[in-house]
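K.L.:
Fit the two chains together into the complex; they arrive one by one in their own frames, and the hints show the way.
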Amino acid sequence: MKRLLFLLPVLAFAGLIAVFGVGLTHDPKLLPSQLIDRPLPEFALPGIEAVPGGGPGFASAAIRGEPALLNVFASWCAACPQEHPVLTQIAAEGVPVYGLAWKDKPSDSRGWLERWGNPYTAVAADEAGRTAIDLGVTGVPETFIVDKRGRVRYKQIGPISPQVWEATIKPLMAQLSAEA
Amino acid sequence: MRPAIAALLLLLSGPALAVLPDEMLADPALEARARNLSKELRCVVCQNQSIDDSDAPLARDLRIVVREQLRMGRTDAQTLDYVSARYGDFVLLKPPFKPATWALWAGPFLLLGAGAAGLAFWRRRPAAGAGAPAGDAPLTPAEAASLADLSAPDLTPHSLTGPPQPR
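Chains A and B, in that order, are what the protein sequence lines are. In this text, residue positions in the first sequence follow our numbering: the first is 3, and each later residue adds one. In this text, residue positions in the second sequence follow our numbering: the first is 50, and each later residue adds one.
Incorrect hints may have been included.
Said to hold, decoys possible - What follows is a list of derived Cβ distance ranges for each label pair:
| id | chain 1 | residue 1 | chain 2 | residue 2 | range |
| --- | --- | --- | --- | --- | --- |
| 1 | B | G137 | A | V24 | 16 to 22 Å |
| 2 | A | A80 | B | A81 | 37 to 43 Å |
| 3 | A | L9 | B | A197 | 37 to 43 Å |
| 4 | A | A16 | B | E72 | 47 to 53 Å |
| 5 | A | A16 | B | D198 | 33 to 39 Å |
| 6 | B | G162 | A | V24 | 20 to 26 Å |
| 7 | B | C95 | A | K107 | 20 to 26 Å |
| 8 | A | A16 | B | A155 | 41 to 47 Å |
| 9 | A | A16 | B | I54 | 55 to 61 Å |
| 10 | A | K107 | B | P148 | 42 to 48 Å |
| 11 | B | D76 | A | V24 | 42 to 48 Å |
As the list claims (entries may be wrong) - Beyond 10 Å from chain A on every Cβ pair, some chain B residues (computed):
| id | residue |
| --- | --- |
| 12 | V94 |
| 13 | Q98 |
| 14 | M121 |
| 15 | R135 |
| 16 | A169 |
| 17 | D198 |
In short, the hints are calculated from the structure, not lab data. Bear in mind the structure is a predicted one, so any value in this text is a computation, not a measurement. In this text, a Cβ means the ideal position worked out from N, Cα and C, and glycines have one as well.
With the rest of the complex left out, here is chain B (with noise of 0.2 Å):
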C-alpha cells in the first residue's frame, strides 16, 4: 500500500522550477511576462533549454536581467531585443522572419508545395497521352492468335519436358 501511495504522490508532484524566489517580481502580471518571455530565450551554455527551464548562472542572470527590463517598462519586444542584440537571433527559440530566415520558416510550405505539384503532375501523365490507355484497346488478330496459343494446354511432343512418364 504504502509504494503505491508513494508511487501516486510522485506522479502527482509537479517539475521543478528552475526559477528561485529570490529573483520572482512582487507583481505577479510582470512576473507572469517574465516567465512567458524566458520560455522564449535560449540558454547559451545548454542550448536546448529555455531559461526558464536552465540551472545554469548564466541563464539566471539572464532571468534577472529580463526582468529587470520589464521593471524598467520595456514592451516584450524591446526586452527581447536587448538579449538577441548580446547574444544575437540564436537565444531566441522562435526565430524572427526575416532575409536570412525565410527559407527556415518558407522551406516547409515551398517542399508541400512542391510535393503536391509532383502529385499532379504523375497522376495527370497518364490521361496526357494519346487515346485510351493501350490496356483497353481491343486485341489485333496477331494477339489474339498469340494469346489462345499461349493459353492452350502444352500437347506438342517437341515440348521439353515431355508427356508425364509412367513411374
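Excised from the complex, chain A in its bound form (with noise of 0.2 Å):
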C-alpha cells in the first residue's frame, strides 16, 4: 500500500504528458465550426461585374435542392491557386461549387477567376466581409459542404487537396446525394 502510494505522483505526471501528448497532435488554428448541422446563415450578395451590385451574385438559399460545396476564396490568398484544381475537377464531376470572395474587390475577383478559370456555379462577392462573420470564417481557403436542404455538414479549413477531396469530401457528397 505503501509503495503504490509513493507511485501516485509518477502516476499522476505520466497522465498529465498524457493530455499534453494528445493535445499536440491538435492544431488550434483548426477551428471547429459552429454550423455543424445548422442552416447555412441567410444571405443575399451582388455579384463580380463590373457595375456594383448589378451582377447576379446568389442569395443563401439558392444552395438547396443538392449538396454542394461553398468555397470561400479571395485573389489575394496564397493558397487558393493550389485548391483551384481541385475545385474545378470537382465541378467537372458535376458537384455545384458557389464561391465566395472574400474581402476582396470584384475587379480583382474577376480578373483572378480569368486567370485560373472559374469552375464557380455562382459567384458572390463579400467585399465588406460580412457574411464571411456570419460564417464563422477565419481565413481563406475555407468550404462548406451544404446539404440538400441547405445544412451546413462539414467545414473544412485550408484548401481541399486531392487526397481530402477523395477521402472525406466525395465520400460525404455521396452520402448527402443519398439522403432524402
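P.N.:
In C-alpha cells:
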C-alpha cells in the first residue's frame, strides 16, 4: 500500500504528459465550425460584375436541393491557386461549387478567375466580409459542405487537396446525395 | 543629453492602439464598453491577441461588429453571444462556466484540495502508528551492549587495519 502511494505522483505526472501529448496533435488554427448541422446563415450578395450590385451573385437560399460546396476564396489568397485545380475537377464531376469572394474587390476577383478559370456555379462578392463573419470564416480558403436542405454538414479549413477530396469530401457528398 | 531625453520620451510613450479612429463610437460610454468587450474577444487570426490588440483585418471587422451590436442596444452578454455563436467559445478569452469547462474551472481547486488532503495524510501517519515513535523507546540490554561495543575504541589485535606502525 505504501509503495503504491509512492507511485501516485508518478502516475499523475504520466497522466498529465498524456494529456499534453494529445494536445500537441490538435492544431489550434482549426476551429470547429459552429454551423455543423445548422442551416446556412441567410445572405444575399451581389456578384463580381463591373456594375456594383448589378451582377447576378446569389443568396443562401440558392444552395438547396442538391448537396453543394460553398468555397470561400480571394484573389489575395496564397493557397487558393493550389486548391483551384481540385475545385475545377469537383465542378467537372457535376458538383455545384459556389464561390464567396471574401474581402476582395470584385474587379480583383474577376481578374483572378480570368487568370485561373472559373469553376464556380455562381460567385458572390463579400467585400465587407460580413457574410464571412456570419459563416465563422477565419481565413481563406475555407469550404462548407451544404446538404440538400441547406444545412452545413462539414467545413474544410484550408485548401481541399486531392487526398481530402477523395478520402473525406467525396464520400460525404455521396452520402448526402443518398439522403432523402 | 539628447539620447537621455529621447530614452525618457520613449519610456513615456504608450502602446500603439489597434483601434483606428474611424472605428470609434461617438458616445464615450458606448465606446468604453466596446473597448472592454474587445479585450475579452480572441482574434481568430492571431490567436493569442484580443481583437482590441490585433491589427488583423478580421479583428477590425469584429471590432466593428461589436460596436454595431452595442449601438443597436444589445447588452454586453448579448454581444459576446453574437460573436461566440459564429466562432465558438474559443473566441471568449474568459471561457464560460458550463459542463464542458467544469474541469477547467474547478481543476485548480480540486488539485489544491488533493494536495492538502495528501499533506494532511502524510503528516498524520506517524501519529497513527502504535504508541510513541520507535526512536524514543529505551534501548534493550542487547542494543545497549551493541552500542557500547561500537563506540569503544577498536584496539583488538584482529582489527583489519592493525595498530599504527612506526615508520
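K.L.:
Next, verify each hint and record whether it holds.
P.N.:
Hints and how they fare:
1. For B/G137 and A/V24, the hinted distance range of 16 to 22 Å is satisfied, since their beta carbons lie about 20 Å from each other.
2. About 38 Å separates the C-beta atoms of A/A80 and B/A81, a value consistent with the hinted range of 37 to 43 Å.
3. Between A/L9 and B/A197, the C-beta spacing of about 42 Å keeps the proposed range 37 to 43 Å intact.
4. Remark: the range hint 47 to 53 Å for A/A16 to B/E72 is upheld by a beta-carbon distance near 49 Å.
5. Separation of A/A16 from B/D198 is about 48 Å and departs from the stated range, judged on CB atoms against 33 to 39 Å.
6. The supplied range of 20 to 26 Å is met by B/G162 and A/V24, whose beta-carbon atoms lie about 25 Å from each other.
7. The given range of 20 to 26 Å is respected by B/C95 and A/K107, whose C-beta atoms sit roughly 24 Å from each other.
8. Here the CB-CB span from A/A16 to B/A155 is close to 22 Å, at odds with the stated 41 to 47 Å.
9. Between A/A16 and B/I54 the beta carbons are some 58 Å apart, a value that agrees with the proposed interval 55 to 61 Å.
10. For the hinted restraint 42 to 48 Å between A/K107 and B/P148, the CB-CB distance of approximately 45 Å keeps it satisfied.
11. Between B/D76 and A/V24, the C-beta spacing of about 47 Å keeps the proposed range 42 to 48 Å intact.
12. Annotated as non-interface, B/V94 brings its C-beta within 10 Å of a C-beta of chain A; the closest such distance is 7 Å.
13. With a least CB separation of 13 Å from chain A, B/Q98 remains clear of the 10 Å interface cut-off, as annotated.
14. With a closest Cβ-Cβ approach of about 14 Å to chain A, B/M121 is found to remain outside the 10 Å limit, as its non-interface label requires.
15. For B/R135, the shortest C-beta to C-beta distance to chain A comes to about 4 Å, within the 10 Å cut-off, and the non-interface label is violated.
16. Against chain A, the non-interface label of B/A169 holds: every CB pair exceeds 10 Å, the least being about 14 Å.
17. B/D198, annotated as away from the interface, keeps every beta carbon of chain A farther than 10 Å; the closest lies near 33 Å.
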